[in-house]
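Take the two lone chains and join them into the complex the hints point to.
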Amino acid sequence: MNLATISLSYLRARSLNTLLNVLLLALGVATIVLLLLTTHQLDQRMRRDAQGIDLVVGAKGSPMQVILSSIYHLDVPTGNIPYKQALEISRHRMVKKAIPLALGDSYKGFRISGTTHEYLAHYGAIFAAGKAWEKPLEAVIGSEVALRTGLAVGAKLKGAHGMGDKPGDEHESLPYTVVGVLAPSGTVIDRLVITSVESVWAMHADHHEIKDINEIAKQMKDEEKEYTALLIQYASPIAAAMLPRYVNNNSEMQSASPAYETARLFSIIGVGVDVLRGFALVLMFSAGLSVFIALYNALNERRYDLAVMRTLGARPLKLMALLLFEGLLLALIGGLLGVVVGHVLTEILGYALKAAQQVSVTGWIWVNTEWWVLALAVGVGIVAALLPAWRAYRTDIAGALARG
Amino acid sequence: MFAVDNLVHAYEERDVLRVASWRAEQGAHWLILGPSGSGKTTLLHALAGILKPTAGSITVAEQDFGVLSPAELDRFRGRHIGMVLQRLHLVSSLTVLNNLLLAQYMAGEAQSAARAREVLGSLDLADKANAHPHELSHGQAQRVAVARAVVNKPKLLLADEPTSNLDDARCMQALDLLQAQAKACGATLVIATHDGRIKSKVANRFELQSQA
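Chains as they are written, first to last, in the working numbering: chain A, 1 to 404; chain B, 1 to 212.
No wet-lab data here; the hints were simulated from the structure. Owing to the predicted nature of the structure, the values given are computational and were not obtained by experimental measurement. Ideal Cβ placement from N, Cα and C applies to all residues, glycine included. Relax, there's no trap hidden among the hints.
Sample of chain B residues at the chain A side, in silico, Cβ under 8 Å:
1) H45
2) H89
3) G108
What follows is a set of in silico ranges between Cβ atoms, one per label pair, in the way DEER data are often shown:
4) K183(B) to L317(A): 32 to 38 Å
5) L386(A) to A10(B): 30 to 36 Å
6) S112(B) to R394(A): 29 to 35 Å
So here's chain B without its partners, still in its complex pose (with noise of 0.2 Å):
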């Protein structure tokens, strides 16, 4: 569950994003359609809390951004929010099983080498464990990232441009594994994309209009 209310936030005095009202339940999947430049990246950032916005309220499982310190926003989205990032940005001197592990000690919670390789598991990653980065294909990497994303349990799991490069068919496979792993956890799913070719393929969307 998530609200956004009033959203507002500018770049060298102009205004790059502007959102009235958005609402989702916990659990729904969302697309942040719009064309480049209507702040697609900037909401996601917004959300993740990773970005301050200039007005407005974010509200993320029942959590005020706006009453939250530095500090505890970045404990709670280290807990409760996960993030594919449109480039994965896997650490590359870590192996596969400690990107995961990284994510557990970065939130604080107890690390759990059992539950990291549950998730690996269920993203048929099981043998990549102890793999680095470099040694993965792009389709093995994305999902390494997404395995990254879930391994605390996000109640919010943010994508940023998830199948931008890729062709029809690992296209809908990247969504499928977003979709299915949102579900595992029961996490609200929001997919900022301007991909035309995952539009139908998801429950809900939210447009953005271009600022320009």
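Extracted from the complex, chain A is given alone in its bound form (with noise of 0.2 Å):
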């Protein structure tokens, strides 16, 4: 016999109103630790797509464009920058790495992507099965590749015009042979197929002048030639202040900040996040008020064994302590619901989001930020509790008594 157990009986002796104020409790915990599980993949996801690279270029249009279609292969891009002037962009005494990508094609809505060998070793891939390319029209798949096609080193593969689920017409003529598989990383390389730059230019050029498909660079005239984006590191922090400036005037390029636009996607999508923010709150304040509610009520229905409690020995501050610990004992098992549940609904909008080929999200993460929601729940419990733990200390024994 102790708090606890007084606590229980009484919780389950009005079971039907016990599990409505957990359920209330655990469904305004649930969203709010949903919201927090997949922000915080998103943002992590977002941030680790774009470690180390410091400015894009790519040609005119939106920057948010840019960003996307060239950092998170999430967009179509905004055209193509010719091969000359990106070159001197590279050679500038600012840019420590310049990542050349050419884009336009896609295999069964993975982005076919056009690069070196730096595009590789700066997303840190590592090879599950083969290696590299070393020739033109040979490719690396990244581990959701692999996983979703079949496809494994030796197979053949053949690039479509375009993005998404409805590309154009298959390119006939050149198929891709996958030479490498990439392990899951953890960031965009899982979700592309990785070739040279020369492959993509031998598979948009006209076939017919192309005698020596290894030999396409030297083939190809400077002018013919195009990339569709620079992915370029700093040498130095001054550069931030120099380099876009130089880009933006001196080109028909522009250059995007992947901080500055993942920082404005983010205020965009965090008005939908505060909106569901504000009714997780909103719930978690109608279950405060549903404890309060229940509580208080149920101290004219308990003033009598307070009363005898008093009687039995028990000090006022204990009768106090009494109606506390079941406002606390409420919201802890509301706030546990909550936080379990939160993680399953997370790992399910995982599996849905998985079928979309979008951005991977797990629910079975913990994220430091839960044990203050749980904070929160516990002080709605306790606050809601206060005002009848005050009306239980207050209890006149021999009053309730003499009335009854």
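Right, dumping it as structure tokens:
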């Protein structure tokens, strides 16, 4: 016999009411946890994909589209940039690293990305099988691509124009050969077919003029060569002030900052997140109100119980503690249930997103902010119990018993 | 043993209870008699220390209530005073056994299920230990209330109108029960009643006059 057994016996005696309070609280907590887990993972993923990339140079257009298309591979490119001018920028003294990208095709919804071995190194790619390409028309596939398409080393794949589920015509003549499969990295390369820039050029060049595909870079004139974007790492912090202006003033290209554009993107998504969070807080507030009403009503039913406990020797503080403990217990059960439900919901959402080939989200991670959500739930329970607890403290035993 | 001296209790500026002097030996059995409104329950509550009288002194088992802090008085009541209330007031969400353990817990005594079962056994309630109060007959519920009052071996056992709603046979059973249990733990027994049937059955009587 202690406060917990007494509280539990009361909660059991009003099981329907208890269930309602626990569910209300759990729903609020679950919604907040779901938001926390998804935004945390989205944020982490966005950061990881853009890590080490200070600037993206692409064709004029929407800077956000440049970022979405060339870092996250979620959008179509704004256009292409001329090879010679891109080369000029990559040789700029403030540029430490410039990784070219040549985009345009996809395979079963996965983007085919022409680049250099430096791109693989940038994302720390590890080969699960095979090795990097050496000749044009050799390709490496990301883990997600391998998993979804079942392609392995040695397999052939034909790219199609464009992106998405309904891309344009297939390139009939030139199939890629898979020479490597990457291990899962948790970054954007999981969802890419990666090959050399030359492969992409060969795919889009006039085939009659190409005699030897392995020598394509030498056979094409520089004016014919194009990149889609350059991923740039600065040589020094000063470059942040100089290089964007240099790019924007001196060419038909534009620069876009991943940090700035993703922050902008998050502020747009943030509106929806805020609405959901407000909704969750309203749920928690109603849970608190419901706990308060339940405990307050229980006080009337329990007036004699409380008086009897006093006759049995309980101090007023003990009765106060009993009511507070009951609020705390409700909040803890609701809070913990909410955390569990939140994680399960996130995992289910993760499956739904996976089917749509979007970012991967799992429910099986723990974010430290969740402690705060639990603390909030417990706080709601205690605040809701405060006034009933105070009334229990003030119970007039002799009066209650004389009337009873 | 208890002593009451110059006790006055006023409610809304009207005296509802006046006791000049009342002394009882340890282990004696007393009735408080008097018409309705004479302050029987008030006196009982004052003896239990749940009602602070306007004036006067109460000493129970050589402890003067006047020198105790409210918390100390609560603790003293839990350990040394047992109460059987008119409406019994068992805690309905707890089992019979837990109602007894509640008395030990609230008194700050070590909890002993063995002691609780022993008391239940002596009141012929051994098989009701895990029943809830709503499953009991009135007679059984009253015996549980008595068991709860004596589980901590009080020095003073107080009962408020324990026989008022009972037929003659049950009335005597209830009285016997209280006297037997008080004797078993050596407690002074005080029964507040207006029930004329038990007048002659208890050794000592304390009469209250109507204050109206």
